[in-house]
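Taken in order, these protein sequences are the chains called A and B. Residue numbering for the first sequence is 1 to 127, as defined by my numbering. Residue numbering for the second sequence is 1001 to 1234, as defined by my numbering.
Treat the hints as calculated values from the structure; they're not laboratory data. A quick note: this is a predicted structure, and the numbers were derived from the prediction, not measured. Treat each hint with caution, since some may be false.
[Stated by the list, open to error] A few chain B residues that don't get close to chain A, going by computed Cβ distances all over 10 Å:
(1) Thr-1012
(2) Phe-1026
(3) Phe-1090
(4) Glu-1121
(5) Lys-1208
(6) Ser-1223
[Unchecked claim] Derived pair list, reagent style DSBU-like, types lysine-lysine, alpha-carbon separation capped at 35 Å:
(7) Lys-1131/B - Lys-1208/B
(8) Lys-1131/B - Lys-30/A
(9) Lys-1110/B - Lys-1018/B
(10) Lys-1124/B - Lys-1208/B
(11) Lys-34/A - Lys-1169/B
(12) Lys-1131/B - Lys-1229/B
(13) Lys-83/A - Lys-99/A
(14) Lys-30/A - Lys-118/A
(15) Lys-34/A - Lys-1110/B
No residue lacks a Cβ here, since even glycine has one placed at the ideal position from N, Cα and C.
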Amino acid sequence: MMSQTFNNTQPIYLQMVRRICLQVVRGELKAGDKLPSVREMAVQNGVNPNTVQRVYTELERLAIAETRRGLGSYITEDEERLKRLREDLKNEQIDTFIKDMSEMGFSAEEILEGVRQKLLITKAGRV
Amino acid sequence: MTEHIVSFSQVTKRYLGKLALNNVSFQLPRGRIIALVGPNGSGKSTILKLIAGLVRPSQGSVTVCGKKPGRRIAGEVAYLSELDALYPFFTVEETINFNAGLFADFDHQKAQEILHFMQLEPDKKVRHLSKGNRGRLKILLALSRRAPLLLLDEPLAGLDPLVRDSIIKSMISYLDLREQTVLMSTHEVSEVEPALDLVISLSNGQIKGMEEVERIREQYGLSLVDWMKETLAK
């Protein structure tokens, strides 16, 4: 059921905004792509159309999407903005990771070495 | 157009000594999907019947679309009763046509679309329909009307998860929230929660809480079920 995919700690519209941002960063949504209509998005996710409206308004406020009157919402074609989004999400994840690790008592060197080891192994594993 | 589609002002309703509603006041904004939640006997159905004009308040006043509800409010209010108001000897198609004849705002094309979406067989008699399909037919009839206010009394009660899902999806898909408002009473909140704008919790004929569902998450970090437990425990 759709309600199980949303957590309780944040309003649904913000969770949906984040989901769309992740799709953009992953390349699943590209610059200039059309987003589903408010109704389609609402039905797909089992959410209130008013919530989807808030999502699209927030995306517009963030300059990640733009509404073209009579046509719908489209991901921005501003490549600079999309690059910044990618950077922002990356930094957010890294900040959270460093905070969690520091709280556990790991030093900067330990954290860096830990990450390096893991990435090396992953690279080797892929070969 | 009035700002609030429904307004209750100090409404009390007594049924032969039983106090169903006790000095209840609230206002409902337009264009929202609103849920009335609370235990059995808390007064949910009474609120819906007062809005539908099926009963009159013992004290206080009820205003719907700017007027006092009477028989004629049926033109602006679509009421889906918990009880089966379907004729068992009619087929699905005959039921739809019968309702189309009763209401000037019935949208035949929409009814056909929903019929197709729900995968109901037009030639099947109502008495041969499963409980789930009867539930689907009832919501089809409500959604096919271009009424500004839809009142749904326990539309999901006793139905399996797949049917509940299709009913919720059809509500999201076929409502026009620029023109319509929905007030539904329900026990099953977790599935319908993401579809709700506003929730009102009721207990013993009194309102215990009224909140925007997104705010419950934002400010309290609670699921709707947890918020209900908290407000109804008071």
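Here's how the hints hold up against the structure:
1. Remark: the non-interface label on Thr-1012/B is consistent with the geometry, its nearest Cβ contact in chain A lying 32 Å away (cut-off 10 Å).
2. Look at Phe-1026/B: its CB is around 19 Å from the nearest CB on chain A, clear of 10 Å, so calling it non-interface holds up.
3. With a least CB separation of 29 Å from chain A, Phe-1090/B remains clear of the 10 Å interface cut-off, as annotated.
4. Separation of Glu-1121/B from chain A is adequate, the least Cβ-Cβ distance of about 23 Å exceeding the 10 Å criterion.
5. A cut-off of 10 Å between C-beta atoms confirms that Lys-1208/B is not in contact with chain A; the least separation is 20 Å.
6. Remark: the non-interface label on Ser-1223/B conflicts with the geometry, its nearest Cβ contact in chain A lying 4 Å away (cut-off 10 Å).
7. Of the pairs offered as hints, the one joining Lys-1131/B and Lys-1208/B holds, with about 32 Å between alpha carbons and a cut-off of 35 Å not exceeded.
8. Under the criterion of a C-alpha separation no larger than 35 Å, the hint pairing Lys-1131/B with Lys-30/A is inconsistent with the structure, at around 45 Å.
9. Between Lys-1110/B and Lys-1018/B, the direct Cα distance comes to roughly 41 Å. Violation of the 35 Å bound is thereby established for this hinted pair.
10. For the hint pairing Lys-1124/B with Lys-1208/B, the CA-to-CA distance comes to about 43 Å; that exceeds 35 Å, so the pair is violated.
11. About 22 Å separates the Cα atoms of Lys-34/A and Lys-1169/B, which keeps this hinted pair within 35 Å; it holds.
12. Restraint check: the Cα-Cα separation between Lys-1131/B and Lys-1229/B comes to about 29 Å, which is no more than 35 Å; the hinted pair holds.
13. Proximity of Lys-83/A to Lys-99/A is assessed by CA-CA distance (about 24 Å); at most 35 Å being required, the pair is judged to hold.
14. With a C-alpha separation of about 30 Å, the suggested pairing of Lys-30/A with Lys-118/A holds against the 35 Å cut-off.
15. Between the alpha carbons of Lys-34/A and Lys-1110/B the distance comes to roughly 26 Å, so the proposed pair stays at or under 35 Å and holds.
Of the numbered hints listed earlier, those contradicted by the structure are 6, 8, 9 and 10.
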